[in-house]
Amino acid sequence: MALLSEKDAQYVRGFFDEHLENPVEILLFTAAEGDELAARKNPYLKETEELIKTVAGLSDKLSLTIYRRGTDDETFEAYGIREVPATVLQGPGGIDYGIRFYGIPAGYEFRTLMEDLVDVSRGTTSLSEKTKEALQSLAVDAHIQVFVTPTCPYCPKAVRIAHQFAIESPRVRADMVEATEFPDWSQKYGVFGVPKTVINDVEEIEGAVPEEFVLEALLRATAVKA
Amino acid sequence: MSTANGREAALENGVADLEGGIVPISLGFGLSAEAEGEELLEEAEPYDVAIIGGGPAGLSAAIYTARAGLRTVVIDKSAYAGALGLTDRIENYPGVPGPISGVELLSIFRRQAESFGAQILQETVLTVDPFQEPMEVGTTQRVLYARRLIVATGTMGRKASIPGEAELLGKGVSYCATCDGAFFRGRPVAVIGDNEEAVSEARFLTRFAEPVYFIPRGRKVRAPEAELEELRRHPKVVWKEGVKVREILGNGKVTGVRLAGPEGEEVLPVEGAFVYLQGNQPILDFFPPGQGPEQTPEGCVKVNEEMESSIPGVYVVGDLVCHRVRQAVFAAADGVMAALAVERSLSGRKSLRAAW
Numbered sequence: 003m004a005l006l007s008e009k010d011a012q013y014v015r016g017f018f019d020e021h022l023e024n025p026v027e028i029l030l031f032t033a034a035e036g037d038e039l040a041a042r043k044n045p046y047l048k049e050t051e052e053l054i055k056t057v058a059g060l061s062d063k064l065s066l067t068i069y070r071r072g073t074d075d076e077t078f079e080a081y082g083i084r085e086v087p088a089t090v091l092q093g094p095g096g097i098d099y100g101i102r103f104y105g106i107p108a109g110y111e112f113r114t115l116m117e118d119l120v121d122v123s124r125g126t127t128s129l130s131e132k133t134k135e136a137l138q139s140l141a142v143d144a145h146i147q148v149f150v151t152p153t154c155p156y157c158p159k160a161v162r163i164a165h166q167f168a169i170e171s172p173r174v175r176a177d178m179v180e181a182t183e184f185p186d187w188s189q190k191y192g193v194f195g196v197p198k199t200v201i202n203d204v205e206e207i208e209g210a211v212p213e214e215f216v217l218e219a220l221l222r223a224t225a226v227k228a
Numbered sequence: 002m003s004t005a006n007g008r009e010a011a012l013e014n015g016v017a018d019l020e021g022g023i024v025p026i027s028l029g030f031g032l033s034a035e036a037e038g039e040e041l042l043e044e045a046e047p048y049d050v051a052i053i054g055g056g057p058a059g060l061s062a063a064i065y066t067a068r069a070g071l072r073t074v075v076i077d078k079s080a081y082a083g084a085l086g087l088t089d090r091i092e093n094y095p096g097v098p099g100p101i102s103g104v105e106l107l108s109i110f111r112r113q114a115e116s117f118g119a120q121i122l123q124e125t126v127l128t129v130d131p132f133q134e135p136m137e138v139g140t141t142q143r144v145l146y147a148r149r150l151i152v153a154t155g156t157m158g159r160k161a162s163i164p165g166e167a168e169l170l171g172k173g174v175s176y177c178a179t180c181d182g183a184f185f186r187g188r189p190v191a192v193i194g195d196n197e198e199a200v201s202e203a204r205f206l207t208r209f210a211e212p213v214y215f216i217p218r219g220r221k222v223r224a225p226e227a228e229l230e231e232l233r234r235h236p237k238v239v240w241k242e243g244v245k246v247r248e249i250l251g252n253g254k255v256t257g258v259r260l261a262g263p264e265g266e267e268v269l270p271v272e273g274a275f276v277y278l279q280g281n282q283p284i285l286d287f288f289p290p291g292q293g294p295e296q297t298p299e300g301c302v303k304v305n306e307e308m309e310s311s312i313p314g315v316y317v318v319g320d321l322v323c324h325r326v327r328q329a330v331f332a333a334a335d336g337v338m339a340a341l342a343v344e345r346s347l348s349g350r351k352s353l354r355a356a357w
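Sequence order for the protein chains is F and X.
Count along the first sequence from 1, then add 2; that gives the number in the working numbering.
Count along the second sequence from 1, then add 1; that gives the number in the working numbering.
None of these hints come from the bench; they were simulated from the model.
Among the hints, erroneous ones may be present.
[What the hints assert, rightly or not] Okay, derived cross-link-like pairs now, SDA-like style, lysine to any residue, Cα gap no bigger than 25 Å in a straight line: (1) F:Lys132 with X:Lys237; (2) F:Lys9 with X:Ile121; (3) X:Lys160 with F:Glu205; (4) X:Lys237 with X:Pro217; (5) F:Lys9 with X:Glu242.
Treat the numbers as computed from the prediction; the structure is a model and nothing was measured.
Work out the full structure: start from the sequences and follow the hints.
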């Protein structure tokens, strides 16, 4: 069964035609081919691969490289990939903004993926000038994790803010984490509601909040580290 | 830990069985739990006017805009929510002798709007961007566009008010079963509320949680009879009638709710508390933070004589603008005023002429 209906695929194709500017490289990190254990551990591994392949095929401006555990471990290391499946979006010239999707970007998060692709393709975000300035003067690294479920209509807002922070600052890495696929992480951070945003393991935000709140938490978290 | 249990169940079920509720796979833009396979669509063709709220103000506006030939959509989360939907007996609505219930009166409004071609969606509006052209409206099911917006959501929103509720948000307190239900597989949860939203969210939670305590806080539950009946008969649902909720308990994680009833207090051991209550706050939370329409210090939305707010093209009607009395007929009149102004602004006429 196709993951995207023909009607939806057509819509997404039109969306990409209209909004993508520069080429975007999609990197999918997944398990070795035929790794049954990994497939049992994460029932969405194959669907994620199929979905990402489908999306990459909807525009000439998108390309896809798949890296597999076992054969591409150095690349996993280089991109700091901790689990599979993980999706990375790279801008023109191979620039890694620090955008990560852990787990399947389906349901409401499919929209996040579409909009992220546009931002990466243009290298711009809709963040306020004030936020951008603060992000550009960050002195230490920040790691944002946004826990979501695909059935959560409020979650894309939280992921989009985190990913836009990553685009605006080379010091920010921002992970979407599909909470049901990574129960160990969900347990570690006590996730019982989504969206939940964790910054540098010290600041936690429950719910979808405005950009300014996330920035304040990020500044507090990075002050702790410094 | 409930997330680990969710994982086990996911593994047992296998991917083929997952579409029913855990993680939607075969979809483009998302699948709300209640959508039952309906894909999330983007409505590319903009509406002339989108009306948020299906009370007397919103539906009166829709009757006029649809009759004027404007492409009209009304987005209403529940016919049983809102001030009129909660009213049992109405005898003084002009032209409708009654007695009639608010839900019945609203269904007449709705049929009249639909008869002129208005489309009515039972969805919740999550986001509005009134600063792009056309304006963008995001709901639980779709993204749609409209040239004008009429906001008629009323003033029955609320802030966290149960002791423990605010402190335990995200730690077992939730307002979204579709978002968070998967964290409570096999675990006891409470649903607190007496409206249609509480009923449908409780039904959804039975896919994961067990038992689901349903606590209408001693009130009559307002929801379609068939849904209510299903919830009453559901083997995983335990009704707690005639009790009040004193507190949500927990330290860093919900451990129970404290109830008070005629026979004294009791603590229900639950790990999740899903809250669906109504209050007396204006509902404007879908506007971008800090960019909603201007309000008075009392929280009333400021509008001009044509019901247009401080945001051009956004009209605000009904209880949100604070009439001296809150009567359906005032709200209906507001809606008509806004509808005429919308029609005029779209047809490029300069001023609203006397019309009858």
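Between lysine 160 (chain X) and glutamate 205 (chain F), is the straight-line Cα distance small enough, at 25 Å or below?
-> Holds: lysine 160 (chain X) and glutamate 205 (chain F) sit about 24 Å apart, inside 25 Å.
Is it true that the CA of lysine 237 (chain X) sits at most 25 Å from the CA of proline 217 (chain X)?
-> holds (16 Å)
Hey, lysine 132 (chain F) versus lysine 237 (chain X), does the alpha-carbon distance stay inside 25 Å?
-> violated (51 Å)
Pair hint lysine 9 (chain F) and glutamate 242 (chain X), alpha-carbon separation not exceeding 25 Å = violated (47 Å)
Pair hint outcome, lysine 9 (chain F) versus isoleucine 121 (chain X) [Cα-Cα no greater than 25 Å] = Roughly 23 Å separates the two Cα atoms, so the pair holds.
Consistency with the previously given hints fails for numbers 1 and 5, ordered from lowest to highest.
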